[in-house]
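Visitor: Sequence:
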Amino acid sequence: MMNTETSILATREEEGETFERTLVASELVDWLLAEGEMATREEAEHLGRRLLEHGIMQHVTHCGQSHWVLPSKGHAVRILF
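Every letter in the sequence shown is one number past the one before it in UniProt numbering, and letter 49, counting from 1, is 49.
The hints are simulated quantities; they were obtained by calculation from the structure and are not laboratory data.
Honestly, I wouldn't trust all of these hints.
Pairwise CB distance ranges (calculated) [as the list claims (entries may be wrong)]: (1) 10 <-> 54: 17 to 25 Å; (2) 36 <-> 16: 35 to 43 Å; (3) 13 <-> 56: 19 to 27 Å; (4) 15 <-> 36: 31 to 39 Å; (5) 10 <-> 49: 19 to 27 Å; (6) 16 <-> 41: 30 to 38 Å; (7) 46 <-> 7: 18 to 26 Å; (8) 39 <-> 11: 27 to 35 Å.
We put the CB at the ideal spot given by N, CA and C, even for glycine.
Based on the sequences and whatever the hints tell you, model everything.
Guide: Set out below in structure tokens:
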């Protein structure tokens, strides 16, 4: 995820605000599956929810959601480490 050649992390702009180290939720799920980190989409989605719940990631899109929303292709989250 962090390798500069294959990174899914990017700088994104939402409603005039710039956010570093963001990714789209569905891209994280796809990446976890492709790398063999998770066996199923359900497991990967569960991990995403847990990362949000524990403050490792946060929403940057202003969708009014306080929980993990998938598989929205445009839903962006930011990694906080």
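Visitor: Evaluate each hint against the coordinates.
Guide: Do the hints match the structure? See the list:
Checking the proposed 17 to 25 Å range against residue 10 and residue 54 shows it holds: the Cβ atoms sit about 23 Å from each other. The hinted window of 35 to 43 Å between residue 36 and residue 16 holds, with their beta carbons roughly 38 Å apart. Separated by about 22 Å at the C-beta atoms, residue 13 and residue 56 satisfy the suggested range of 19 to 27 Å. Between residue 15 and residue 36 the beta carbons are some 36 Å apart, a value that agrees with the proposed interval 31 to 39 Å.
For the pair residue 10 and residue 49, the supplied restraint of 19 to 27 Å holds, since their beta-carbon distance comes to about 22 Å. Take residue 16 and residue 41: their Cβ atoms lie about 33 Å apart, and the range 30 to 38 Å holds. A hinted range of 18 to 26 Å holds for the C-beta pair residue 46 and residue 7, which are about 23 Å apart. For the hinted restraint 27 to 35 Å between residue 39 and residue 11, the CB-CB distance of approximately 31 Å keeps it satisfied.
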